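The task is simple: from the sequences and hints, build the whole structure.
Sequence lines, in order, name chains A and B.
When the count follows our numbering, it moves up by one through the first sequence with no breaks and lands on 267 for the last residue.
When the count follows our numbering, it moves up by one through the second sequence with no breaks and lands on 267 for the last residue.
Since the hints were made in silico from the structure, they are not lab data.
Among these hints, one or two may not hold up.
Said to hold, decoys possible - List of simulated lysine-lysine pairs, DSS-like, C-alpha gap at most 25 Å:
#: 1; chain 1: A; residue 1: Lys-232; chain 2: A; residue 2: Lys-4
#: 2; chain 1: A; residue 1: Lys-171; chain 2: A; residue 2: Lys-62
#: 3; chain 1: B; residue 1: Lys-232; chain 2: B; residue 2: Lys-4
#: 4; chain 1: A; residue 1: Lys-171; chain 2: B; residue 2: Lys-232
#: 5; chain 1: B; residue 1: Lys-260; chain 2: A; residue 2: Lys-52
#: 6; chain 1: A; residue 1: Lys-67; chain 2: A; residue 2: Lys-223
#: 7; chain 1: A; residue 1: Lys-260; chain 2: A; residue 2: Lys-247
#: 8; chain 1: B; residue 1: Lys-232; chain 2: A; residue 2: Lys-260
#: 9; chain 1: B; residue 1: Lys-52; chain 2: A; residue 2: Lys-52
#: 10; chain 1: A; residue 1: Lys-265; chain 2: B; residue 2: Lys-52
#: 11; chain 1: B; residue 1: Lys-4; chain 2: A; residue 2: Lys-265
#: 12; chain 1: A; residue 1: Lys-157; chain 2: B; residue 2: Lys-157
#: 13; chain 1: A; residue 1: Lys-171; chain 2: B; residue 2: Lys-244
#: 14; chain 1: B; residue 1: Lys-171; chain 2: A; residue 2: Lys-157
#: 15; chain 1: B; residue 1: Lys-171; chain 2: A; residue 2: Lys-244
#: 16; chain 1: A; residue 1: Lys-265; chain 2: B; residue 2: Lys-232
#: 17; chain 1: A; residue 1: Lys-20; chain 2: A; residue 2: Lys-265
#: 18; chain 1: B; residue 1: Lys-52; chain 2: A; residue 2: Lys-260
#: 19; chain 1: A; residue 1: Lys-20; chain 2: A; residue 2: Lys-232
#: 20; chain 1: B; residue 1: Lys-62; chain 2: B; residue 2: Lys-260
#: 21; chain 1: A; residue 1: Lys-244; chain 2: A; residue 2: Lys-67
#: 22; chain 1: B; residue 1: Lys-171; chain 2: A; residue 2: Lys-52
#: 23; chain 1: A; residue 1: Lys-62; chain 2: A; residue 2: Lys-20
Said to hold, decoys possible - Computed footprint of chain A on chain B; a stretch qualifies when at least three of its residues, placed anywhere within it, have a C-beta under 8 Å from a C-beta of chain A:
#: 24; segment: 44-56
#: 25; segment: 151-158
All of these numbers come straight from a predicted model, not from anything done at the bench.
Heads up, the beta-carbon is just placed ideally off N, CA and C, and yes, glycines get one too.
Spelled out from the first residue to the last, the chains are:
Number of protein chains: 2
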Amino acid sequence: MPEKYIGVFDSGLGGLTCVKELMELLPNEPIVYFGDTGRVPYGSKSNETIIKYARSDINFLKTFDLKMIVVACGTASAIALPEITGELDIPTFGVIDTAAAAAVSATECGRVGIIGTAGSIRSGAYEKKIKEINPEIITTATACPLFVPLVEAGHTKTQVARLVAEEYLEKIKSAGVDTLILGCTHYPLLKETIASVMGEGVTLIDPGKIVAGYVREYLSRNKMLALASDYKFFVSDCPDDFEKLAKDFLQRDIPGGVEKIDIEKYV
Amino acid sequence: MPEKYIGVFDSGLGGLTCVKELMELLPNEPIVYFGDTGRVPYGSKSNETIIKYARSDINFLKTFDLKMIVVACGTASAIALPEITGELDIPTFGVIDTAAAAAVSATECGRVGIIGTAGSIRSGAYEKKIKEINPEIITTATACPLFVPLVEAGHTKTQVARLVAEEYLEKIKSAGVDTLILGCTHYPLLKETIASVMGEGVTLIDPGKIVAGYVREYLSRNKMLALASDYKFFVSDCPDDFEKLAKDFLQRDIPGGVEKIDIEKYV
Chain A
1 MPEKYIGVFD
11 SGLGGLTCVK
21 ELMELLPNEP
31 IVYFGDTGRV
41 PYGSKSNETI
51 IKYARSDINF
61 LKTFDLKMIV
71 VACGTASAIA
81 LPEITGELDI
91 PTFGVIDTAA
101 AAAVSATECG
111 RVGIIGTAGS
121 IRSGAYEKKI
131 KEINPEIITT
141 ATACPLFVPL
151 VEAGHTKTQV
161 ARLVAEEYLE
171 KIKSAGVDTL
181 ILGCTHYPLL
191 KETIASVMGE
201 GVTLIDPGKI
211 VAGYVREYLS
221 RNKMLALASD
231 YKFFVSDCPD
241 DFEKLAKDFL
251 QRDIPGGVEK
261 IDIEKYV
Chain B
1 MPEKYIGVFD
11 SGLGGLTCVK
21 ELMELLPNEP
31 IVYFGDTGRV
41 PYGSKSNETI
51 IKYARSDINF
61 LKTFDLKMIV
71 VACGTASAIA
81 LPEITGELDI
91 PTFGVIDTAA
101 AAAVSATECG
111 RVGIIGTAGS
121 IRSGAYEKKI
131 KEINPEIITT
141 ATACPLFVPL
151 VEAGHTKTQV
161 ARLVAEEYLE
171 KIKSAGVDTL
181 ILGCTHYPLL
191 KETIASVMGE
201 GVTLIDPGKI
211 VAGYVREYLS
221 RNKMLALASD
231 YKFFVSDCPD
241 DFEKLAKDFL
251 QRDIPGGVEK
261 IDIEKYV
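Here it is in structure tokens:
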């Protein structure tokens, strides 16, 4: 019997940081990835649009035989997942709940910072989840709209990246946090710059990495682990650009190439 | 009889720099504007997608009684306009041909620089048009993918804007141009920074301004001038964000508010 896939989607490239962790932690799992490069970015769009897009992304992934869905996009996890979880008949993991739990465990001083896209931060999803777990934790959140374009332009360790990080992180630093959630899948590529601006003693939480750990734990506990990997990558536009940039995110070549599909068909 | 509209569209906000010029030059013209904020940016998408989007943008505008269409988007003018001009039964002006002609008139040393989005620059549309007018002119073109996000994040005159401009303009400066086409409607907001990096003696060509001049000339020559203005603004997502940011582009409040429409209906 053929193995079932873990379906992963993101608004574009960023979710590959999560796929990288899944590949490392679960080298025998089949993974099908969809990056919505034709409608990227989600972070600046309205809730209604983000929910509509996430629904069609899942409809496309469901054309494969899936055993679970991972919403690797911070914005879609924050805004769409609460709306659509009830519609799904397979387990679905987003990056919010798992990273919020990890941040609550990590903080010693009880102050957690959150950075993300405009949409994620506007939703307050991380704060709500953190308060649910421990109402005494003080959260400080800031939208960093330039981080995604900077990463995609290769500005991860430059003076420009540093200046923009200093601007965005000022409020979070002043709040005296000891834990910072990198609430967008692109941000792990800015980890060095962010760590250097935040200074020593601040734990950076990478939600893609955290959710990969949860996925492994879940599959193992439920005896759902596969025995042979298989990778499929799909995008809604510009497969060549995706393939080129993907190396930075995946830290290896895309196995098996990238195929373009018409996402608007999956309403 | 009610007046006919000038229909203007852009991938988002940027086309408002062109609307501003139209309002100033032609204060009695009715204008209907569509900003495709739900599918912005166009510059990083494939040609096929850009043409599909431009076609639906025009289909929406054609629900009004139009006398002409202005494609205020550099990317759509470069990539979609050559494909779809033949399908239209009213005069259509893009920003490429008009700005190319203006650059050819402006240069004295015969060397012209062009900056724009990845899509515009990849198309080579400005170079082709310039060579068509005068094959002896030497052109140097560079994509500036961070300029649009910088403008939308309010980074127009900051150190970050300056550093990014220095990086992008290095090749153009070395080429010794005396004329530079700002080939994307967002770029006029970076005019001061770009001018300061380029140094004295370089003429900056603002295609939105140039096309507004052509529109006035055309309407006047064909006795098509209107007698009473009327403004309508539509977007495909986030009308509130559009209205807030629009002030920077229009240098006044949006007259009459902004309405959201479902652009995917206008296939």
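Find the hints from earlier in the document that the structure breaks and name them by number, from lowest to highest. 2, 4, 8, 11, 16, 17, 21 and 22
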